[in-house]
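Engineer: Spelled out from the first residue to the last, the chains are:
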Amino acid sequence: MKMDKQSAGPASLARRSALSRAALGTIGGLVGTLGSSAALASAVKDLPGGPAVNQLNLHPAVTRIASDISNLHIAMLVICLVIFVAVFGVMFYSIFKHRKSLGHKPAQFHESVAVEIAWTVIPFIIVIGMGAMATRSVVAMKDTTNADITIKATGYQWKWGYDYIKGEGEGISFLSTLDYSHRVASNSGKPEAIDNYLLKVDNAMVVPVDKKIRIITTANDVIHAWAVPAFAVKQDAIPGFVRDTWFRAEKIGDYYGQCQELCGKEHAYMPIHVKVVSQEDYAKWVDGEKKKAAAKADDPSKVWQLADLVARGEKVYNANCAACHKADGAGAGPIKALVGSKVVLADDKAQQIAIMLNGAGGGAMPAWKQLSDTEIAAVVTYTKNAWTNKTGQVVQPAEIVAARK
Amino acid sequence: MSAVLDNHGHAGHDDHAHGHPHGWRRWVFATNHKDIGTLYLLFSFTMLMIGGLLALFIRLELFQPGLQYFNPELFNQFTTMHGLIMVFGAIMPAFVGFANWMIPLQIGAADMAFARMNNFSFWLMVPAGIMLVGSFFMPGGAPAAGWTLYAPLTLQMGPSMDAGIFAMHILGASSIMGSINIIVTILNMRAPGMTLMKMPLFAWTWLITAYLLIAVMPVLAGAITMTLTDRHFGTSFFNPAGGGDPVMYQHIFWFFGHPEVYIMILPAFGIVSAIIPAFARKKLFGYTSMVYATASIAILSFIVWAHHMFTTGMPVTGQLFFMYATMLIAVPTGVKVFNWIATMWKGSMSFETPMLWSVGFLFVFTMGGFTGLILAITPVDIQLQDTYYVVAHFHYVLVAGSLFALFAGFYYWAPKWTGFMYNETRGKIHFWASLITFNVTFFPMHFLGLAGMPRRYADYAAQFTDFNMIASIGAFGFGLSQVYFLFFVVLPSIRGGEKAAANPWEGAEGLEWTVPSPAPFHTFETPPTVK
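Chains as they are written, first to last, in my numbering: chain A, 1 to 405; chain B, 1001 to 1531.
Heads up, a few of these hints could be off.
Part of the chain A face toward chain B, derived, beta carbon under 7 Å [stated by the list, open to error]: (1) Asn54; (2) Val82; (3) Met91; (4) Phe96; (5) Lys100; (6) Lys105; (7) Ala114; (8) Glu116; (9) Ala118; (10) Thr144; (11) Lys190; (12) Gly240; (13) Arg243; (14) Asp287; (15) Lys291; (16) Ala295.
Derived by calculation from the structure, the hints in this document are not laboratory data.
It should be emphasised that the depicted structure is a prediction, and the values quoted were computed from it without experimental measurement.
Don't be surprised by glycine CBs; every beta carbon is placed ideally from N, CA and C.
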């Protein structure tokens, strides 16, 4: 392999200056965007119950466990800082004083059993001490007995479903999805500086203050994780498994969290919003929900008119489908376009209904069987009559009931 | 004759009965440990640049809230492949490159025990690397399930997941064969008089690392094979719809995964243990203790894996056990840090570039160790699991730990490899630029994690903007520093410069410094006697 010796020739000089120009260009570009988006950053304010601007520490605690953990963290930090300062104080002293340039001659020692034992035993004691401090919290976090209200949080790709299964509010059930305008804002690349960006949902979980709430987590498809930092709660939501955790919120307010286990492409877009309200407000909310549920209870034997079903279907589409298939039905990349789709335009509705119920592409298109018969019928009808699709077909809820069998 | 440059003057090397190939055959059929070491180092540096490019894509997207450049699916591909390429393509092969170059020289052996298997170990990596990088161009793009490849998300990935699994199998086989080579070489081919307790610590750390590799790579192979059969052959190991257990994947993966991170740091400890005594002009403090500490870390590394799984719902006894066991590992690691500082203490130090990197390593790796200790506390981990605090922690120990040690080793041993001294001023620039930009990139991530910003997010709440911007700027600076390293330090030092003496470092000891610089193609054909 012959090596040429032109390390300083004109060719390499040109290469080097091209590199520096590229480097300066990148830095300039970054600084430019920094300037223009500093406006974005500074316009945003702290979100109470959510992240604060440039937050440096854990969230202010709203449960006793969170406050214990916060104190534990501070204690750990202080211990680590003290050790850090001590150890590196010694090291930097040595760096400054024990230099050849200062004429310092090297000492000859290179072992000491006593010293080795000392700096094994002392850290061992410190470390066991730290563990002991934490043990109480570990045990307390695991005790989910005697809950006042039990709520099941199911992770879906990509939203949360809440079922109130025990205690006041039993029977209430709804999905909690990221506000669609936030998803659109994200895609735009220039989201407005709003305080609850990517944290706003359509239906928040509502719980009463000062009551022990047990959260059961599970998932419909892949592993998700349900977390609310202000409560110091985090629990994986595992498909086929049921896990639990608990919290007792001591302050009324809105608290936010996000999905904390990679679950696919919309992982960043399935936030958690827990609204802690007074006991009276909670009772009122439960009442309201029960009334809404009764009114909404779609009778699957109802026969719908096309226009009504399409209107209903558009709502379902925007809440569930538009994130991937887009508001104009065009899809993108591997996501199939619905506008002009053979499956959607077909006279035989069975294939499209089957895809809705069972998913397709090995899960790339998730199954939607958790939607009600009316919702599925509505959204299928919508896709068949929206944009430039004009089949005039109607899919009644009863057909979905039959297809599920 | 230099082992790196193929000059045609054959003056100055021992007569041997056979010629050795020149041109492309020299490299494709290489059986010489120096050539194979060079190949590993070239491969790993290339992968470092590719992995670094992916990191820059990530930081580019995260510079501001909103999706400016990439959709979330592609973003997840970047985070996944950045992890896989850096772990399996950059860090691990780089340490193997150092092992190949330095272990025979340090123990006075003529070559590795199994020279042809050594060749195979290296060349296996190339198709694996091509498959990993090429997976971006397969239908559906690269795997996007995170480098940890949790099921059942992996069951939803496209064909690149299978290519990735195949690549990992190949890489695992390469590692296992390399480890066998290293163990047999160290145990059987030390020069007369070199007892195990007289070996340089770098050889000890690699001996222990090699056992770790042989123990855990097959476990990874098991996990990814089960993923493969779940995907295509109707099994339900991890697929809950068929009665499988997604958490079992995590147990199997992390049983590999935790020793894996020690695999990536123990050789770094070995490198630093060579450099600090050399530049303090004082013997390593507590050699015996260092050996025992390394062995303890390796053994303990097998019983802590579930600290990656504190939020999966394990019983309280499990959480307590893994918390205490994880905290225990801090003890032997602390012992090592103390021993290094005791080596520096009352030495006669000078701060050439290898020493700068080693002291930098000591300082910044220990910071990563402290955040690891904090993460070990289960209740605190519940808050920080899957947040940027974890990202900060592992980048502190892997970049400021493993990568800094690799750079330290390059500056220390490159004169032996190339025969030329690198430019000291430029080495210092590389160090300071890297140290500063590294901290600018990763220190704010501790705050982001404490504030709750989750990992593997393509977009984030607006309150996280400023720290993300700072991190991105630091990241580009760090990347630029490595490009500077390549063009202004590495390439010039291969091509020319001040000639290096056999031992360019006043305080360095070891058999490698008794052979000329550059090291001749064959060294220690007659074993030296060690007193």
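Engineer: For each hint, tell me whether it holds in the structure or not.
Structural biologist: Hint check results:
no.	hint	verdict
1	Asn54	holds, 5 Å
2	Val82	violated, 11 Å
3	Met91	holds, 5 Å
4	Phe96	violated, 10 Å
5	Lys100	holds, 4 Å
6	Lys105	holds, 6 Å
7	Ala114	violated, 11 Å
8	Glu116	holds, 5 Å
9	Ala118	violated, 9 Å
10	Thr144	violated, 11 Å
11	Lys190	holds, 6 Å
12	Gly240	holds, 3 Å
13	Arg243	holds, 4 Å
14	Asp287	violated, 33 Å
15	Lys291	violated, 34 Å
16	Ala295	violated, 35 Å
Against the hints set out earlier in the document, violations occur for numbers 2, 4, 7, 9, 10, 14, 15, 16.
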